[in-house]
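Using the sequences and the hints given, assemble the complete structure.
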Amino acid sequence: MGDLRPEAPSEAEWIRRCQSGNTEAFTPLIETYERRIFRLAFHLVRRQEDVEDIVQEIFMKAFAAISSYNFQSAFGTWLNRIAVNHCYDYLRRRRVSRVSYFWEMSEEGQRQIESTARSPEPGGLNNEESLAVEEFVSKLLARAPAEDRVILTLKEIEEKSVEEIAQILNLKESTVKVRLHRARKRMVKDFKNWQEGR
Amino acid sequence: MRCDVVRERIEESLELPARIKAHLQACSGCADYVRRWNLVQAGLVALAKEEPPQASLGFAERLVRRLESARGASQRRQQFIVEAGRRMVYATLLVALMLILGLVLPSSGPLRTPQAAESILAEPEVATMSPDQMIGIPDTAYAPEAAENPNGAEGAQIK
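Sequence order for the protein chains is H and W.
Position 192, counted from 1, in the first sequence is what this note's numbering calls 192; the numbers after and before it change by one each time, with no gaps.
Position 99, counted from 1, in the second sequence is what this note's numbering calls 99; the numbers after and before it change by one each time, with no gaps.
Derived by calculation from the structure, the hints in this document are not laboratory data.
For every residue, glycine included, the Cβ atom is placed at its ideal position computed from N, Cα and C.
Incorrect hints may have been included.
Taking lysine to any residue pairs in the SDA-like style, the calculated list, with each CA pair at most 25 Å apart, reads [stated by the list, open to error]:
(1) H/K185 x W/R9
(2) H/K185 x W/V6
(3) H/K177 x W/A73
(4) H/K172 x H/R182
(5) H/K61 x W/G58
Have a look at the derived ranges for each label pair, beta carbon to beta carbon [to be verified]:
(6) H/N170 x W/G29: 28 to 38 Å
(7) H/E196 x W/C3: 17 to 27 Å
(8) H/S67 x W/R66: 14 to 24 Å
Below is the structure:
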């Protein structure tokens, strides 16, 4: 005998219900994408205390705009786009001046970065070195312009392909490649400035 | 090979072709760039491993409740706008109606008494007469008093 249990509505069905104004139908969508959006928002803004509020605002915006979702791209990509735009605005609002110095690293951390930078292969870092490098790069990122930060996070931390990034940011793939190279170059330049200015 | 081409290739691939390796051995600027970039990349990889905070308990339910209350508020706002708009339309219509009536009806009020109305209907040329003439008061009826009274004919009529 066949299984008579009613089949759970598909994602598209939940989306259609949301589009007709059913707020309850948004719950399964939140539950499906919550982890992913938390991760993305955390990596983009890197402020543990603000992440939950930011994610809540992202979902609020998504629900308000859900009637404009036309099923052309995956719902996850559409949601990522809203999340990235929201975080981008947040970063621009909260941006620390590039002039202000943030190098409050410990002496030990600074020494480790220096010695690691001089070694030919930073691949085999020990735990302490790895932590120092992580802290250092986190500060480099915090200081980077919002545009660089978003594109580097999507590529290097979220490991999205150039094609996915182009979809999320609504850009051509060639533009994404150019911006990625520019962002990487700026990070390396900031690193060099730090080494020279220390 | 140009340095900027080499640097772009370095960022994109882990396996470097022999030409680029040869360039790196000859160019200290690019070799420094590679070392720095590798370190930045190592830091980014370490950042990727950081676990994001967990959503607090009941996150989805709270969010849906917030959505519902926001929806209710927006519906109330919409209703208010619709109601205010409707009242504006009614008020405009009323004003327009009053204006039309003001333009259509004679300003001197010839229809105030039935006799006047009859006389108007009987003699159309009476429309050029003064209001006093229309209701049958001769011009001289209060002329002497009017001359004495600086408030004019109206004041005399009240007396």
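Evaluation of the provided hints:
A hinted pair counts as satisfied when its Cα atoms are at most 25 Å apart, and H/K185 with W/R9 qualifies at roughly 12 Å. Note on H/K185 and W/V6: the hinted pairing holds, with a Cα-Cα distance of about 12 Å set against a maximum of 25 Å. Taking the CA atoms of H/K177 and W/A73, the gap is about 44 Å. The hint is violated against a cut of 25 Å. As the CA atoms of H/K172 and H/R182 are separated by approximately 15 Å, the hinted pair is consistent with the 25 Å bound.
A threshold of 25 Å between alpha carbons decides the hint, and for H/K61 with W/G58 the separation of about 19 Å falls inside it, so the pair holds. H/N170 and W/G29 have their C-beta atoms about 35 Å apart, which keeps the hinted 28 to 38 Å range intact. Between H/E196 and W/C3 the Cβ separation comes to about 19 Å, which falls inside the hinted range of 17 to 27 Å. A hinted range of 14 to 24 Å holds for the C-beta pair H/S67 and W/R66, which are about 19 Å apart.
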